[in-house]
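In case you want the letters, here they are:
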Amino acid sequence: MVREEAKQAPEDSQQPNKAETSQNVDNLFSPRFKSVAAMAGWDEEALIIASLVVEDTPDRQQSKQKKRSDSIFNTPPCTSSRRKRRAQRTPLNLDEEQEVPKEESEKKSMEQRIVVEDEKNPKANEPALHCMDKLREELSCAICLDICFEPSTTPCGHSFCKKCLRSAADKCGKRCPKCRQLIGNGRSCTVNTVLWNTIQLLFPKEVETRKAVAANALNSKEAFECQSPQSGTRSTRTTRTRTRTRAENQALAARPQREDLSRLVNTDTNMTRRRGDPNQDNNAESARLQRDNDLSRLVRTGRRRGTPSQDEDAALALRLQREEFMEAFRGSSGHEGNEQTRIPLALARANLRAMASRAINRGRAV
Amino acid sequence: MIGGGRSSSSSSTATAAGGTWVSTTSVSASGKRIQREMSELNADPPPHCSAAPKGDNLFHWVATIIGPPGTPYQGGIFFLDITFPSDYPFQPPKVVFKTRIYHCNVDAAGNLSLDILKDSWSPALTISKVLTAIRSIFSNPDPYSPLTSGVARLYLADKAKHDEIASEWTVRFAK
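As given, the protein sequences belong to chains U and P, one line each in that order. Its first residue numbered 1, the first sequence is counted upward by one per residue in the UniProt record's numbering. Its first residue numbered 1, the second sequence is counted upward by one per residue in the UniProt record's numbering.
These aren't lab readings, by the way, just hints derived from the structure by calculation. Just so you know, these numbers come straight off a predicted model, no measurement behind them. Cβ coordinates follow ideal geometry from the N, Cα and C atoms, glycine included. One or more hints might be untrue.
Residues from chain P shown here face chain U by an in silico Cβ test under 10 Å; the list is partial [said to hold, decoys possible]:
#, residue
1, 33
2, 36
3, 87
4, 89
Each pair of labels, with its calculated beta carbon distance range [claimed, not checked]:
#, chain 1, residue 1, chain 2, residue 2, range
5, U, 138, P, 168, 44 to 54 Å
6, P, 158, U, 189, 36 to 46 Å
7, P, 70, U, 205, 28 to 38 Å
8, P, 85, U, 128, 34 to 44 Å
9, P, 120, U, 189, 24 to 34 Å
Let's have the full structure, built from the sequences with the hints guiding it.
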């Protein structure tokens, strides 16, 4: 035992040294070193052997330490078996293995700390919540039992909502509802500014809801106004898509709904075949319908979120753009006729230009 | 027990929607206050008391008070009807005993003479406080402002006899 303790003392002093060596080993195997080694013509085996040599060269303290750490993990090996193992594995791995428990224990302690903190947090929140409840109780009006709205303080020191106090004085006599002391009329109508500000700071939500209730009619009006511009954008959006679809109806007529280019390539031959089909018009129509549905869905999703997000617009634009290109591509591949290739290409160009200008407009609007 | 835990926000929405779930009233200031009292009663009821709206109507409640131990009313369950006026916190609620009780401050019809339910009403009082006050007159009747003078006289003259009759009534009507 005494000898072990004696060993431990120098080991402790050796601790930083060890970290350094492990770092050195790590450095040995840095990618740059590897590349340099590769340039020098050293293979990995040579590297491992070299690092083994490097690792073994330091004094015996290191091996002692390793022995100790091994004994900690209940694997008391004889030196020879250890050597064998080390020879089998890469020294880097060995070192890592020894580093890992440390890191693990560190992680564990960190986790424990986190867990403790997590446990503490609700406990820490509880008093705060309790405090808020007490404050709410303390700052609520005894008449309406709500948070005091524009509190007015009586000469006897009790505070009520201005409105509540006024109606109490009107209907129940000029006495304080709390202590029945006589209260003057004039005082009861002044708002206790400090208290009111405090309440507004502490309970902004409650104050807001009460304000909203107080100005209910006005609020509803505002809500209506808030909604109307949204519906306005909605309608412009739909008209936009509508004009777009109308303008491109011709180009879209024979275009199926497709998602990506790979699928396009795969189905291209089919499509060219289908073009000659008698039920081509049906297919095209359904495809167009599907596409329109898709568009409207896109528009709807934008509407559901309330504000049209730029990402959605970008996605829509990208998609439309892709379709334009697809159309152009297919037009050129499907039909050898020059005029026919020119028309979709020109259309695509025009559409792209229009889309770009729309996007710019949108960006300005947003 | 309708909408026991409703918050102020939901009640405000109910106001905006024209009182969808409270059939008889739009949730006015008094309705709001009654709702608050209800949730407070649910959260922290006074000892041996309970109170809740009878049905859909927030302004009609039923309450029970269990006779406090050490009184002739011990163990009895006394039902009360509470009616809130439309300008409630500024006018006292009407409280009537539905269970017969031998008490100098309660008449045969169940009417109750309690100063805080009449002239001494304050808008800062709540049903919880009213019930506590009623429970306190069980242990300390006020024979000097009686509704049934015979009972008050007996109480002053022969308390043992009064208590005997009171406990008899309790067994007969309140159990």
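Checked hints:
1. 33: Holds - the Cβ of residue 33 (chain P) comes within 10 Å of chain U, reaching about 5 Å at its closest.
2. 36: 4 Å, holds
3. 87: 7 Å, holds
4. 89: Since the shortest Cβ distance to chain U is 5 Å, the answer is holds.
5. U:138 to P:168: 44 to 54 Å: With Cβ atoms ~47 Å apart, the hint holds.
6. P:158 to U:189: 36 to 46 Å: Violated: the Cβ-Cβ distance is about 55 Å, outside 36 to 46 Å.
7. P:70 to U:205: 28 to 38 Å: This hint is violated: roughly 47 Å between Cβ atoms.
8. P:85 to U:128: 34 to 44 Å: 39 Å, holds
9. P:120 to U:189: 24 to 34 Å: 25 Å, holds
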